[in-house]
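Trainee: Let's have the full structure, built from the sequences with the hints guiding it.
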Amino acid sequence: MTLSISLTVNGVRQDLAIDDPRVTLLDLLRDRLTLTGTKKGCDRGQCGACTVLVDGRRVNSCLSLALSLDGAEVLTIEGLAKGDALDPVQQAFIAHDGFQCGFCTPGQIMSAVGLLNEGETGDDPERIREGMSGNLCRCGAYAGIAEAVSTARRLRDETARPLRDEDETRRIA
Amino acid sequence: MNLFDYVRPASVAEAVAAATEPGAAYLAAGTNLLDLMKLGAARPQRLVDITRLPGLDTIEALEDGGYRVGAMVRNADLARHPGFAAAFPAVAEALLSGASAQLRNMATVGGNLMQQTRCAYFHDTAAACNRRAPGTGCDAAGGENRTHAVLGWSPSCIATHPSDFCVALAALDAMVEIEGPFGRRKLALEEFHLLPGTTPERTTVLAPGEMVTALLLPPAAAGFRANARYLKLRERTSFAFALVSAAAALQLSGGRITAARIAMGGVAAKPWRARAAEEVLEGEAPERAAFERAAEAALSEAAPSGDNAFKIALAKRVVTRALSMAAAGTPARMPALPGSAFATDNGSSADE
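Residue numbers (this note's numbering), protein chains in the order written: chain A, 1 to 173; chain Z, 1001 to 1352.
Incorrect hints may have been included.
What the hints assert, rightly or not - Straight-line distance between alpha carbons at most 20 Å, and here's what the computed EDC-like set of lysine to aspartate or glutamate pairs gives:
no., chain 1, residue 1, chain 2, residue 2
1, A, LYS40, A, ASP20
2, Z, LYS1186, A, ASP43
3, A, LYS82, A, ASP43
4, Z, LYS1038, A, ASP43
5, Z, LYS1038, A, ASP55
6, Z, LYS1038, A, ASP31
7, Z, LYS1186, A, ASP19
What the hints assert, rightly or not - Okay, the calculated beta carbon distance ranges per label pair:
no., chain 1, residue 1, chain 2, residue 2, range
8, A, SER6, Z, ALA1128, 33 to 39 Å
9, Z, ALA1313, A, LEU155, 44 to 50 Å
10, A, LEU3, Z, PRO1022, 18 to 24 Å
11, A, ARG32, Z, GLY1137, 41 to 47 Å
No lab work stands behind these hints: they were computed from the structure. Cβ coordinates follow ideal geometry from the N, Cα and C atoms, glycine included.
Mentor: Okay, here's the thing in structure tokens:
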């Protein structure tokens, strides 16, 4: 049984034939679309390494059945920068050493983008840490991650360009 | 994961017809079901995707002051709905104390009711588990069971229900709306989940093909909005299931408690409404001594099912503290750590 779905991934429409209903969004991104920035950690929704945005919201792609997302808009780490211009969250992770080995980093960054879109943390470090609790870092770079998210929030406020609007513009162009 | 047929029906009636077949399961977000399927602990032959059924994703304020919440509303959306969260703050706090932000963005309110126990032996297909494979025994009895049930358990199963959301719903007399092959019915959430008895494989009252279509919060539940909290003890500060939790809601008048609602999580195979504790509080002053008497009543029938006697003492303290927090008043803003005793902005617990 082959079913067809269409997804918009990083602004590009993809029409995909799915010949196995077990394919998750994570496996589709990595194995079909070779977007390997999104990582498979636990594959059970516990580590957050697979975090991407679906229709603007952060989700665990490992627990999302690709077939059930027909028509969705997906943003992965590969779609975040605008050419060579890194997203404020990416800049802040570099500035604050928000990683060591880097395996969890794409998920951390996409989760942080989702968190900032939700707009509820203010500058409260406790709200930032709680909001990022779905992303584990086995290197223990949490202090740098929390600082990076805080800085990214300020950077984004200064530039006042919500990511979703930017994505709209890019797709239309 | 086993192979399965995937169907996406266009209406509730089509969905019910597709799911009445043996081996079929409803798929909502899949945050629990896909996990169980990857482990082999669930092996449905057909998934009926109900995430796009029309009309199931709305949050509706009813004229009588109650709310109707469609089964496919996402946990995060319900917790952030301003009208709903203001009317039922303990429900919003319970939702936000559960899982992670990513999972709350996905998981549906109907799926939350349907989630399975997190007992490790249920997840492990090499283990004996009467809930997963009836008649095979229970490896949790005599195994690693410090997080298991202290109320309502049976020799066949000592698992707990993991939901936070359902605990607050049980306290506030929420109703569940169900559609199935024999039509529509409604029942109290308190009656929805089953205790294990000799048939632990039956976890809810749903018959084959039946699906949850909505939750109903009665207008009376909004009467507790000024004094309603959810408190959850877990083994790390965030993104963990409850060891023990409690929803507490009070109505106060003239320095007395005129009505109380209490339910506990993490203690049984269903959210545990503590009516005997509620009765203890009615007419009392909202003070610690009364809260402690209520907590004793709430746990009066508790018994350890293994290495978990500590959960009985812990549950009494959680009920006492949840009542103190509720008496201190619903916070104006959701705490930074919802449901946590360790939030720096949770002033009500500072004296304990």
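Trainee: Take a quick look at whether LYS40 of chain A and ASP20 of chain A sit within 20 Å of each other, Cα to Cα.
Mentor: OK: LYS40 of chain A and ASP20 of chain A at ~19 Å, within 20 Å.
Trainee: Check the following: the C-beta atoms of LEU3 of chain A and PRO1022 of chain Z are separated by a distance inside 18 to 24 Å.
Mentor: 23 Å, holds
Trainee: So the hint says 44 to 50 Å: do the beta-carbon atoms of ALA1313 of chain Z and LEU155 of chain A match that?
Mentor: 48 Å, holds
Trainee: Has the given pair, LYS1038 of chain Z with ASP31 of chain A, been kept, meaning a C-alpha gap of at most 20 Å?
Mentor: 18 Å, holds
Trainee: Given the range 41 to 47 Å, decide if the beta-carbon distance of ARG32 of chain A to GLY1137 of chain Z lies inside it.
Mentor: Holds: the Cβ-Cβ distance is about 43 Å, inside 41 to 47 Å.
Trainee: Between the alpha carbons of LYS1038 of chain Z and ASP43 of chain A, is the straight-line distance 20 Å or under?
Mentor: Judged against 20 Å, a Cα distance of about 9 Å means the pair holds.
Trainee: Can you tell me whether the CB distance of SER6 of chain A to ALA1128 of chain Z sits inside 33 to 39 Å?
Mentor: 45 Å, violated
Trainee: Under the criterion that the straight-line Cα-Cα distance not exceed 20 Å, is the pair LYS82 of chain A, ASP43 of chain A satisfied?
Mentor: Distance ~29 Å between LYS82 of chain A and ASP43 of chain A Cα, so the pair is violated.
Trainee: Can you confirm whether the C-alpha distance between LYS1186 of chain Z and ASP19 of chain A stays at or below 20 Å?
Mentor: Cα-Cα ~39 Å, so violated.
Trainee: Below or equal to 20 Å on CA atoms is what counts here, so check LYS1038 of chain Z against ASP55 of chain A.
Mentor: 25 Å, violated
Trainee: LYS1186 of chain Z and ASP43 of chain A: Cα distance at most 20 Å?
Mentor: Outside the cut-off at roughly 37 Å; violated.
Comparing the model with each numbered hint stated earlier shows that hints 2, 3, 5, 7 and 8 do not hold.
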